[in-house]
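Visitor: Let the hints inform the model, and build the full structure from the sequences given.
Chains as they are written, first to last, in our numbering: chain Z, 181 to 889; chain B, 167 to 212.
Calculated directly from the structure, the hints in this document are not laboratory data.
Watch out, some of these pointers could steer you wrong.
Stretch by stretch, here's where chain B covers chain Z in the computed footprint (C-beta under 8 Å, at least three residues) [stated by the list, open to error]:
(1) 196-207
(2) 224-235
(3) 323-334
Distance windows between CB atoms, simulated [as the list claims (entries may be wrong)]:
(4) B:178 - Z:270: 27 to 35 Å
(5) B:179 - Z:365: 23 to 31 Å
(6) B:178 - Z:220: 38 to 46 Å
Just so it is clear, the structure is predicted and the values come from calculations on it, not from any experiment.
Beta carbons are placed, not taken as given, at the ideal position from N, Cα and C, and that holds for glycine.
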Amino acid sequence: MPLDQSAPRETVDLLIPGMSCAGCMIRIERCLSSAPGIAKARANLSAHTAHCVFDPSLTNPDALIEVLSKNGFAARLFDLNEGGKAPADSKGQDLLLRLGVAGFAAMNVMILSISVWSGAEASTRDLLHWISGLIALPAVAFAGKPFFQGALTALSAGRMNMDVPISLAVILAAGNSVLETARGGPDAYFDAAIMLIFFLLIGRYLEHRTRSHARSAAVELMGMAGRTTLRVLPDGKRLPIKVEELSPSMIVEVAPGERIPVDGRICLGSTEIDRALVTGESAPEWAALDSQVYAGMLNLTGSIHVEVIATGDETMLAEIAQMVDAAERGKGRLDRIADQVARIYAPLVHILAASAFLYWLPAQGGAHGALQIAVAVLIVTCPCALALAVPTVHTVASARLFKEGIFLKNGADLERLAQVDMVVFDKTGTLTEAESQLCSPPRRDDPAWPVAAALATASHHPLSRAIAREAKTMGIQPARVTDIIETPGFGVEGKLNGHHVRLGRHGWAGADEPSASGVALSMHGHVIRFQFTEALRQDAAETCAELSVRGLDLAILSGDRTDAVAKIAKATGISEARAAMLPGDKLAWLKARIAEGRRILMVGDGLNDSPALALAHCSMSPASASDVAKTAAGLVFTSDSLAVVARAHLIACRARRRMLECFGIAAAYNAVAIPLAVSGFVTPLIAAIAMSASSILVVVNALRLRGSR
Amino acid sequence: MTILAVLIPVSLLLGAFGLIAFIWSLRDRQYDDLEGDQYRALFRDK
Chain Z
181 MPLDQSAPRE TVDLLIPGMS CAGCMIRIER CLSSAPGIAK ARANLSAHTA HCVFDPSLTN
241 PDALIEVLSK NGFAARLFDL NEGGKAPADS KGQDLLLRLG VAGFAAMNVM ILSISVWSGA
301 EASTRDLLHW ISGLIALPAV AFAGKPFFQG ALTALSAGRM NMDVPISLAV ILAAGNSVLE
361 TARGGPDAYF DAAIMLIFFL LIGRYLEHRT RSHARSAAVE LMGMAGRTTL RVLPDGKRLP
421 IKVEELSPSM IVEVAPGERI PVDGRICLGS TEIDRALVTG ESAPEWAALD SQVYAGMLNL
481 TGSIHVEVIA TGDETMLAEI AQMVDAAERG KGRLDRIADQ VARIYAPLVH ILAASAFLYW
541 LPAQGGAHGA LQIAVAVLIV TCPCALALAV PTVHTVASAR LFKEGIFLKN GADLERLAQV
601 DMVVFDKTGT LTEAESQLCS PPRRDDPAWP VAAALATASH HPLSRAIARE AKTMGIQPAR
661 VTDIIETPGF GVEGKLNGHH VRLGRHGWAG ADEPSASGVA LSMHGHVIRF QFTEALRQDA
721 AETCAELSVR GLDLAILSGD RTDAVAKIAK ATGISEARAA MLPGDKLAWL KARIAEGRRI
781 LMVGDGLNDS PALALAHCSM SPASASDVAK TAAGLVFTSD SLAVVARAHL IACRARRRML
841 ECFGIAAAYN AVAIPLAVSG FVTPLIAAIA MSASSILVVV NALRLRGSR
Chain B
167 MTILAVLIPV SLLLGAFGLI AFIWSLRDRQ YDDLEGDQYR ALFRDK
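Guide: Right, here's the structure in full:
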């Protein structure tokens, strides 16, 4: 809608995690731009955000979120400070700019160098060298800044890193070339200096992209939960209030289907509560006056008033989150492969260059010739290939994982996943579907179905939801049941053509065996039973079989009852199964295994798994998991099938192999190049060719990961 | 060799032109959404 140009403008950024394809992107832009008061809307598919310019007198961000949710996209305000997203973005721009400058300078210098190599002599060569220097020196100073800064920070902290040999090589090469040019000599390394920076910046930029991609995934995972609740004032009025503003002894109303926002005590009403998030127990529990409830539990059937006892950092939810933090910190910082290599490599290179300088000092005509050789050593040993290998493998692997529906939060997790020797599963929601499923349901044409569907749709109880879901997939039209009332803890009842119908506990619905599990429907004097089972997640058994074929030990740790756990253990063929474990028990069990030297992949979804997820060597959780679990896990998968666990492990192992191969190539290259450089045979031409060839070889090898099935 | 006096400035000018164009496209935020932009060409505007 075109707006008056002079109208006041405001901008807002919205985070829309559901924007997964180009079609979504276009639909989001269309529905936003057709909303009243919108001047401009542009969606960003990489960041899953939309940038809107609007007229504040006609619309507001909440209205835009409403428009999107009507079109099927959940959105929330995107605070640009969240997760450090905004500064990270400008860092990407900055790297890209430096990369561009280095690229253009390298191209120009290369053209001039080719003229030198093809035989320019005397004053022509000097002229070409001077022009190369004029282009290369400012470009090196500008584009190399990230490396110089990194080296300075490391040195001032008394450490060594890859940036130190890089900076030294570049500065020495450039400085020495200026001397050589001034002297009218043949060997200027301007081209090598700028090319080095160009290749290394490509690695830096790839690394940055993987990291910011992972970070934006993490930001999206941090919960879409509404953070406001209804406060009940003493005079009975309801007032919306932010959860952070609640304080003890206030009273809040929690409607059926909502999560309880605080720790507290029920002061009005009764209901059934889903405690799965806290205890991992799948069956709902009855809660009435004076029952204790905890933040994060799901209120299922009745509306209740809760008197606040603890909020925010004092809730049990927050305590578990603190346990996660502690476990995360306690996990020794595991070395990444690249760091291990760098620690040996960096000093070695310096020692080599220095000894070459000392060796040639008396032999060649003075310091100049010796320095020339030392510079050649530094240039050929510059860890270009290494610096490119890791980011390229990480970028390709995370793109592959992403295609399979797996988010990788950071590259180190990929390396750790390849090292695990034991996989530990949670049961509810991980090995099994988060929701119960009907077993042996009545036939489709059974007259009970439309009635059951109508009653079940009115309730939030997990068993009702299972019936409603099944009815929907079977295409059953719900009957016209009126006066539907839900009695928490018992079931739902209503009137069908003046007759009472009830769906609920067996005893309540009037069945013969009052204590049988499942629910019963009573209508016209008949009783129809619905039985439920915990369904295994898709491909769970196959995945477990595949993982054990690969030589990984499997185990189940569950907070659920022993018989339920034993059933699942049998179905998946896992012999080590522990039941009735509290979050602390899981943590203790893992600690004992880690003390034995095991490297564990923990797969879990519940809040009760979170400390274990954080402690384990590597961890995965499904997208349906609680926010805390998703935050603690290193990888998050969106697929319904458990096969992604085996898939992710396979991709991680391949990525590790590719990385080791890349290091192998780099080592082989150095084994040839270093003796040549030390013995003084490397000219600027050989240095330029050798450096580019090894970098390209390493990148091509890393890219092979893309094609493998 | 006097031809160099013409060719080198020309090649440098062309290079500088490319660099300026790149910096302009970067400032214009054309690299913010590489994933989305590859599809935009396939959709008709409005």
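Visitor: Against each hint, give a clear statement of whether it holds in the structure.
Guide: Consistency of the hints with the structure:
1. 196-207: holds (count 3)
2. 224-235: holds (count 4)
3. 323-334: With 0 residues in contact (Cβ-Cβ under 8 Å with chain B), the coverage given for the segment 323-334 of chain Z is violated.
4. B:178 - Z:270: 27 to 35 Å: holds, 30 Å
5. B:179 - Z:365: 23 to 31 Å: Since residue 179 of chain B and residue 365 of chain Z have Cβ atoms about 29 Å apart, the given range 23 to 31 Å holds.
6. B:178 - Z:220: 38 to 46 Å: Between residue 178 of chain B and residue 220 of chain Z, where Cβ atoms are some 39 Å apart, the hint holds.
Consistency with the previously given hints fails for number 3 only.
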